[in-house]
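Novice: Sequence:
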Amino acid sequence: MFVACPEDKMIYSLYLDQELNGTQKKKFEQHTQNCKKCQKELEALKLLQQQTQKSFQLFHYYSQNGCQSQKILTKILGLSKEKIPQS
Numbered sequence: 001m002f003v004a005c006p007e008d009k010m011i012y013s014l015y016l017d018q019e020l021n022g023t024q025k026k027k028f029e030q031h032t033q034n035c036k037k038c039q040k041e042l043e044a045l046k047l048l049q050q051q052t053q054k055s056f057q058l059f060h061y062y063s064q065n066g067c068q069s070q071k072i073l074t075k076i077l078g079l080s081k082e083k084i085p086q087s
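Our numbering puts the sequence shown at residues 1 to 87.
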């Protein structure tokens with residue numbers, strides 16, 4: 001288990017992208033189960049990742065259906081109004 005919070009914040013991205021090896025993943029999950037600060041950080045990044053995926057899906061959908069860029073931007077910017085937890 002991580003004794004302290006990881007100094008390299010890249011580990012959150014590696015975890016979300018499923019790029020950690022089995023041992024690293026297990027240690028990170030054990031740490032985040034017991035650390036509220038890291039749980040909060042991870043949840044914020046998960047939400048950001050989900051919003052980014054939604055934005056790309058909307059862009060792809062509207063660009064395939066001949067919509068103008070202004071409509072695409074309006075939909076994408078509308079997603080940014082969802083609450084993102086603060087670290």
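Honestly, I wouldn't trust all of these hints.
Below, simulated EDC-like cross-link-like pairs (lysine to aspartate or glutamate); rule was C-alpha separation at most 16 angstroms, straight line [unchecked claim]:
| no. | residue 1 | residue 2 |
| --- | --- | --- |
| 1 | LYS40 | GLU29 |
| 2 | LYS54 | GLU29 |
| 3 | LYS54 | GLU41 |
| 4 | LYS37 | ASP17 |
| 5 | LYS46 | GLU19 |
| 6 | LYS36 | GLU19 |
| 7 | LYS46 | GLU29 |
| 8 | LYS46 | ASP17 |
| 9 | LYS37 | GLU7 |
| 10 | LYS37 | GLU19 |
| 11 | LYS36 | ASP17 |
| 12 | LYS9 | GLU41 |
| 13 | LYS40 | GLU19 |
These are calculated hints, taken from the structure and not from any lab test.
Novice: Need the list of violated hint numbers for this structure, in ascending order.
Specialist: 2, 3, 4, 6, 10, 11, 13
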